[in-house]
Amino acid sequence: MYAFEFAGRFPELFSFLASGFIQRAILTGVFVGTASGVLGVFLVLRRYALIGHGLTHVAFGGVAIGLLFSAQPFWWSLAVTVLSSVGILKLQERVKMHADVAIGIVSAVGMAAGIIIASAAGGYNVDLMSYLFGSILTISKSEFWVSIAVSAVVIGFIVAAYHDLFAVTFDEESARTMGVRVNFYNYFFTVVSAVIVVVGMRVVGLLLISSLVILPAVTSLQLSRTFSWCLVLSACVAVLSVLGGIFFSYHLSLPSGGTIVAVNFLLFLLAYAYRAVSGR
Amino acid sequence: MVGNVTGPALEMRRVGFGYNAHPVVEDITFTIGQGDYLWVIGPNGSGKTTLMKLALGILEPGQGEILLLGRPVEVFRRWERVAYVPQTVSRFDPFFPASAMEVAAMGLLSEKTFPRRLNARDKKRVERAFEQVGIAGIMKQRIGELSGGQVQRVYLARALVSKPDIIFLDEPTSAVEPGVREEFFRVIDELNRQGTAVFLINHDITGMGIKNNKILFINRTQLFFGNGEEFCISPSMGEYFGSSQHIICHQHADE
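Those protein sequences? They're chains A and B, same order as listed. In terms of our numbering, the first sequence opens at residue 14 and continues consecutively. In terms of our numbering, the second sequence opens at residue 490 and continues consecutively.
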């Protein structure tokens, strides 16, 4: 009986797709999710999973600067976060510190700057909260086009440089002896992480964007037997999480960012359970 | 690819390297000619792996000069002529989601320009390399599911696909079963007979053929460089095995 009732409500459940803001949210989610999912596999395998989380603190500082000057927080955040990501690498190279320490220093300074600047700007307002917690359903047209374009470039480059990125991730030393430009790709991973954090902050918010990078990758690692399949699966998991999150968020009036991550985690649990039961 | 070398495959001239004023290797000078087979031996911590990494440009020497296939290693670009089989036991990640085929196919990257794409002919070359090392049946298996010896042979297949002029091997049989060890060295010997120079780190020299091989014995500094016959009668032989050992050097009829 309930099945008939659900089937009868089917058109009603998906009628929201006709709305322009939902279509923008879905397209943004698909592109940003794909880019995050694919990048996440490389970061997790290179033991660099927490760089996304560290850079969100810096992005917060960039958003605060943008709101203080009543300028576009997105571009301020992008500039500050990309520069900080390069700073993390320089700290590792010049001061000879481990990656987690460098990330910790830069993220702490970024967050501190953000708190001070937000206070100078009059405290935590609705705009700042939307960047912290995400608001994919209220993404503007300009943010939509920028997110799509940036994500498409990231995805395109990863596809083009697939074999190089695989070599650098599997064995950096051997990759050097194959003529792969390892130092360039180290900078690539760091800078792209910064870009994904910024374009993703509208999708799930700064507080949760690192999970959109890590969780799909960890989910696909439970099931993958080849690297290429791992990337495809991670992208699919990320997109499914975003679409599922938007769907439940809209119909259950839940915060979109948190709902996306919750769906993401559910998919991870299912993958883990399948792996445990099948003995892979 | 093999046979294009007009000078020495590798030259090191008074090479030194250290971390924070602690020397790891000092004043190392030797040459590997075309088709030479160099065994590098020494106790743990003697700098053997560091020396290999210097030769490959992975590390930068503090002193001296290194010429790889006639070019200073810091500006060397013809990586399709070089193959490297690292010591897998120390660095291998068993959870990495890659098939044996994907790992071995990396050996073709040095021949390609960006964006590097592998075609059906490349796949056939990888398959032939797997057959050469006797593991054709495991190509599609995940690398983490293989035994240490199988992983080592995947790495060897990766090195063989490009038909290098010089191959570097760091303790290649450390994880290999004794029965497979002979097969492993047979493949390397065959590669050497076809003209590929060999730079091999292996602490176990028992069973090594004496004729036409060179030995480099280091323990931070260079203690011996020469051929096997010279090593057999040098004081370094006793130093390597310890004075309590009694060494008998013999040649087989086919050498």
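Wrong hints could be hidden among the right ones.
[As the list claims (entries may be wrong)] Incomplete in silico selection of chain A near chain B, CB under 8 Å:
| # | residue |
| --- | --- |
| 1 | A173 |
| 2 | A174 |
| 3 | G192 |
| 4 | V193 |
| 5 | C243 |
[What the hints assert, rightly or not] Far from chain B by the CB rule (all over 12 Å, computed), these chain A residues:
| # | residue |
| --- | --- |
| 6 | L63 |
| 7 | W88 |
| 8 | Q105 |
| 9 | M110 |
| 10 | A133 |
| 11 | A188 |
| 12 | L265 |
[As the list claims (entries may be wrong)] Far from chain B, some chain A residues (derived; all Cβ distances over 10 Å):
| # | residue |
| --- | --- |
| 13 | S83 |
| 14 | T151 |
| 15 | W158 |
| 16 | Y200 |
No lab work stands behind these hints: they were computed from the structure. Small disclaimer: the values here were computed from a predicted structure and weren't measured. Virtual Cβ for every residue (Gly too), placed ideally from N, Cα, C.
Output the indices of the hints that this structure fails to meet, ascending. 11
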